[in-house]
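Residue numbers (this note's numbering), protein chains in the order written: chain F, 1 to 552; chain X, 1001 to 1159.
Any given hint could turn out to be false.
[Claimed, not checked] Under the rule of at most 30 Å between Cα atoms (straight-line distance), these lysine-lysine pairs were calculated in the DSSO-like manner:
hint, chain 1, residue 1, chain 2, residue 2
1, X, K1072, F, K192
2, X, K1066, F, K307
3, F, K140, X, K1118
4, F, K174, X, K1066
5, F, K181, X, K1130
6, X, K1130, F, K130
7, X, K1041, F, K181
8, F, K452, F, K496
9, F, K181, X, K1066
10, X, K1072, F, K307
11, F, K181, X, K1072
12, F, K174, X, K1041
13, F, K517, F, K426
14, X, K1118, F, K130
15, X, K1118, F, K320
16, F, K320, F, K174
17, X, K1062, F, K307
18, X, K1072, F, K130
19, F, K192, F, K10
20, F, K320, X, K1062
21, F, K294, X, K1062
22, F, K140, X, K1072
23, F, K174, X, K1072
24, F, K294, X, K1066
[Claimed, not checked] Now the in silico label distances, taken between C-beta atoms and shown as ranges:
hint, chain 1, residue 1, chain 2, residue 2, range
25, F, L542, X, G1021, 31 to 37 Å
26, F, Q331, X, G1021, 45 to 51 Å
27, X, R1098, F, D114, 48 to 54 Å
28, F, T107, X, R1098, 48 to 54 Å
29, F, G63, X, T1077, 38 to 44 Å
[Said to hold, decoys possible] Selected chain F positions facing chain X (in silico; Cβ < 8 Å):
hint, residue
30, P121
31, E147
32, I175
33, G179
34, P182
35, K307
36, N308
37, V309
Hints in this document: simulated from the structure, not taken from any laboratory. No residue lacks a Cβ here, since even glycine has one placed at the ideal position from N, Cα and C.
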Amino acid sequence: MLCGAEILVKCLEQENVEVVFCYPGGANLEILDALAKSSIRLVLVRHEQGAVHEASGYARASGRVGVCLATSGPGATNMVTGIATAVMDSVPVIAITGQVATSMVGTDAFQEVDMTGITDPITKHNYLVKNVDNLARSVKEAFYIAESGRPGPVLLDIPRDVAMAFSDVTSVSKINLRGYKPNLTGHSGQIKQVAHLLSESRRPLIIAGGGILSADCWNELLQLAETQEIPVANTLMGLGSIPLDHPLALGMMGSYGLAAPNYAVQCCDLILALGTRFNERMTCNVDRFAPHAKIIHIDVDPAEIGKNVRVDIPLVGDLKIVLNQLLSKLQPRQHPEWMAEVRDLKASPLPRPKQTCMLTQIEVLEALAKILPDQAIVTTDVGQHQMWSAQRLRHRRPRGFIVSGGLGTMGYGIPAAVGAQLACPKDPVVVITGDGSFQMGMPELGTAKEQKLPLKVLLLNNSFLGMVKQLQDCYIEGRHTAVTFTDNPEFKYLAKAYDALYLKVEEAEELPAALAKFIQHPGMVILEARVAPEENVYPMVLGGRGLDQMEF
Amino acid sequence: MRHTFAVLVENNPGVLSRVAGLFSRRGFNIESLVVGETEDKTTSRMTIVVEGDERVLEQVSKQLNKQIEVIKVNDITDDESVNRQLALIRVAADQSSRQEILQITEIFRCRIVDIGRKSLIVEATGDEIKIQAIIESLKPFGIQELVRTGKVAMVRGVK
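Please take these sequences and the hints and turn them into a complete structure.
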């Protein structure tokens, strides 16, 4: 007989959970008490949203499930943004929340909130565990659901009396979810059709999305691209699946994508879309998308196929399995004419900064790209710096570019880096952030300090919410409202408060030395680059335009 | 297009809210939804009538399937099936009209399930067309109250 809290912890141990990002409260006392007696590392965070982002960063860097824990009520609702961020980017996270006792559920008790109701639209699944006898099975199912098929967050809401009640059912070895059987192996007839289309295509293009990383199949992707001589465009989420300096890599496509992949999409005759959901940031005007191409869409989630674009061959399955099935059916092939065109596209220079009086984000990021170690993990926040990082870094490490893609959550970068650093303690972890996002994610620097994590925070400070400013420039005639930080805090004092080394650059000449110190410093470091506020991100596709109608 | 889905779900609390939430947040139009336990106590069967074009209907089916607690989704629109609704109709009835109402209910094979001093309750079952016809026929007498279920459906023959 164990109590619910002990059962939960035992089940977490059986799932090989190493770390739980937690925040305490009245409804999770017993769970924390049981966790304290286990070998699982407890990381006390500063805000519950940070706990979920940290679990997400941990999961994305390691490929394992990230776990976080909060109390009921406000602790739980603080997790909502983190959970929504995770579901949009298909990240396997288990969010555990304490709940008021079952007898109090539904009475508007102190710190009671209907967490399963709130998170129904933003979780892959969720559980309100009302009976301690069901706890072990629920935990087992939650982990299975979170990491199988298309990964996603699962919430376990555990009332306090359930955590305290005793049960004989302390672990479950087998589960059977009759309504959830992900289809992992590709349909052989469809595979043959894909092979056939590939053999006929003269201008094929691979679009590699985040699914390549979730399915751990970047090697298969590379093999497919190389043996078939097919160029690869990445979605934002797919960056890192092929190094950007690979001759077949075109870089990020989409509304802030590079010209080469965007043009390639518009003039190819076949798209092999792998693990992507054809989000509108990637396709832009969907009616103008890939007008000459047949589309093969391979994804583990059948609901994504045909949702946003017309598809000629749908293929459901786990990408690693399906790509191996496909590779066994293909003969090596070359497309010299198409590759000559692709090389021309790739050779066209990236847009340069418009002004030269002040240091620009582009210069900082290009200098960083030059010295960033291959094994470095980069997280970013959301905004201009994120798009420039996506465009300009080399993306040499799979699972090494961790950003909030689908939800676009500011404040993601720092906590995601905390999680990534705990997952990969030996690798350098760099946060690229802006002055707006930094101030949303800042509390988690406290967690990093306490855990002695040597995060490298590159703060690109233009005293502007640059991406929104850019949208105001484009869509409301440049009227800048609520996007200027006229009196930002002194970031050097914040660095001092968090015991971080503070570095500052204002001129391009200072970059190499400052960045070298930034990367080499053994502890936490904040490098503030004062950058020009005027610059906008190009190429850019305005709303309603097609991928080939970029502004430069 | 109007389609009928037969959806087998886990008989767990919260399933109805998950399915209803899915329809509202994805902008699918539910025309009717009926749910009840099946012969197996651990499952419930929903009959959902949805209005939408082909693409919407494909998404409805896929999104339903994606729910962990949804076991099976069948689009039975084109199958030979038995469709039934039930309606309870309180119709004004005095000495002079009562006889005529009774005749109408007989024609439609309805039943009178309650007789008040000034009204009757008619219980009608049938497909949508029949229920509509009954309502139209009773309207001239004055319908005081009307409740009806959504459609339940079952495919004919043994598959």
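Now the hints, each set against the structure:
1. X:K1072 to F:K192: Since the Cα atoms of K1072 of chain X and K192 of chain F sit roughly 28 Å apart, the hinted pair holds (cutoff 30 Å).
2. X:K1066 to F:K307: holds, 14 Å
3. F:K140 to X:K1118: violated, 61 Å
4. F:K174 to X:K1066: Measuring from Cα to Cα gives roughly 22 Å; hence the hint holds.
5. F:K181 to X:K1130: Outside the cut-off at roughly 41 Å; violated.
6. X:K1130 to F:K130: violated, 45 Å
7. X:K1041 to F:K181: Satisfied, since the Cα-Cα distance of roughly 22 Å is no more than 30 Å.
8. F:K452 to F:K496: holds, 15 Å
9. F:K181 to X:K1066: holds, 10 Å
10. X:K1072 to F:K307: It holds: about 20 Å lies between the C-alpha atoms, which stays within 30 Å.
11. F:K181 to X:K1072: holds, 11 Å
12. F:K174 to X:K1041: Answer holds: K174 of chain F to K1041 of chain X is near 22 Å, not above 30 Å.
13. F:K517 to F:K426: holds, 18 Å
14. X:K1118 to F:K130: With Cα atoms ~50 Å apart, K1118 of chain X and K130 of chain F exceed 30 Å; violated.
15. X:K1118 to F:K320: The given pair, whose Cα atoms are some 73 Å apart, is violated under the 30 Å limit.
16. F:K320 to F:K174: holds, 25 Å
17. X:K1062 to F:K307: Roughly 10 Å between the alpha carbons, so the hint for K1062 of chain X and K307 of chain F holds.
18. X:K1072 to F:K130: OK: K1072 of chain X and K130 of chain F at ~26 Å, within 30 Å.
19. F:K192 to F:K10: violated, 46 Å
20. F:K320 to X:K1062: holds, 23 Å
21. F:K294 to X:K1062: holds, 23 Å
22. F:K140 to X:K1072: Holds, at roughly 23 Å.
23. F:K174 to X:K1072: Measuring from Cα to Cα gives roughly 22 Å; hence the hint holds.
24. F:K294 to X:K1066: Holds, at roughly 27 Å.
25. F:L542 to X:G1021: 31 to 37 Å: Because 34 Å falls inside the window, the suggested range holds.
26. F:Q331 to X:G1021: 45 to 51 Å: Holds: the Cβ-Cβ distance is about 49 Å, inside 45 to 51 Å.
27. X:R1098 to F:D114: 48 to 54 Å: Holds, at about 50 Å.
28. F:T107 to X:R1098: 48 to 54 Å: holds, 50 Å
29. F:G63 to X:T1077: 38 to 44 Å: Since G63 of chain F and T1077 of chain X have Cβ atoms about 43 Å apart, the given range 38 to 44 Å holds.
30. P121: holds, 5 Å
31. E147: Given a least distance of 14 Å, the restraint on E147 of chain F is violated.
32. I175: violated, 12 Å
33. G179: At 4 Å from the nearest chain X Cβ, G179 of chain F passes the 8 Å test, so the hint holds.
34. P182: Because about 10 Å separates P182 of chain F from the closest Cβ in chain X, which is outside the 8 Å limit, the hint is violated.
35. K307: holds, 6 Å
36. N308: Result: violated, 10 Å to nearest chain X Cβ.
37. V309: violated, 11 Å
Figure legend: structure checked against the earlier numbered hints; hints not met, in rising order: 3, 5, 6, 14, 15, 19, 31, 32, 34, 36, 37.
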